[in-house]
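Could you put the whole structure together from the sequences, leaning on the hints where they help?
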Amino acid sequence: MPKPTKGPRLGGGPAHERLMLANLAAALFTHKRITTTETKAKRLRPVAERLVTFAKRGDLHARRRVMGIISDKSVVHELFTEIAPLVAEREGGYTRIIKTGYRKGDNAPMAVIELVLEPVTPKVKSAKKSAAAQPVATEAPAEEAPVEETAADETVVADDAAEADTSAAATDEAAADEKADDAK
Amino acid sequence: MAVPKRKKSRANTHARRSQWKAEVPTLVKTVENGKVTYSLPHRAKVVEDSAGTALFLEYKGRKVADV
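Protein sequence lines, in the order shown, are assigned to chains G and S.
Note that our numbering has the first sequence beginning at 1, numbered continuously upward.
Note that our numbering has the second sequence beginning at 1001, numbered continuously upward.
Please keep in mind that the hints were generated in silico from the structure rather than gathered at the bench.
Incorrect hints may appear among the rest.
[What the hints assert, rightly or not] Here are a few chain G residues that face chain S, going by a calculated C-beta distance under 7 Å: (1) 98; (2) 100; (3) 103; (4) 112.
All C-beta atoms in this analysis are idealised placements derived from N, C-alpha and C, irrespective of residue type, glycine included.
See the structure below:
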């Protein structure tokens, strides 16, 4: 869910902002790439991506939710039938914002916002990282048990707490050493 | 209508105006074809042909927009 925006709305009022963002989203889905100010592009991103998520769901309820925002039926149809299949594999991040420069006239920072319609190229995990991830996952349940035991010991032997602490610290260190060895 | 009680002194006016300063933008230094260029970070660049006419905007090796 997008984070609600704080501060003043675009265009002077909440209703005006809703309308502007809906129109910008419709323009983005028809043209796939639009040039606008940086602020508007940044505000448009969560709105447009949420609509794409609805389109990926693809059922009638989702379609009605989108129709509530974008009033143009043909745009909604295009979104559901053409754009949604292209981003089916993509897990979020359906838009890309690129800052282009400053507008002549009012020096407003401009940006190009476009739909990311290229096929997804999965990031190649480095061999080190994937190798490290597996042993940790297998170790975790085994390690939890001794830690709990030491904690229980401390509560039982409350009188000689100092001794328990030192012993617990010793066991912790040993566990840490084991972990380090395993990691190696 | 509220009106100023006193004339604003020249010193006050000048002191106010002297506070308006230009800021130095942070630029990134890149070497292109042996030529050092400074540009704004995270911003599309204009690609020019040999004659110096602007062709299109480029960012991360991708054509972004027409000029």
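Results of checking the hints against the structure:
1. 98: holds (5 Å)
2. 100: Since chain S brings a Cβ to about 5 Å from residue 100 of chain G, closer than 7 Å, the hint holds.
3. 103: Violated, about 13 Å.
4. 112: It holds, given that the least Cβ distance between residue 112 of chain G and chain S is near 5 Å, below 7 Å.
Against the hints set out earlier in the document, a violation occurs for number 3 only.
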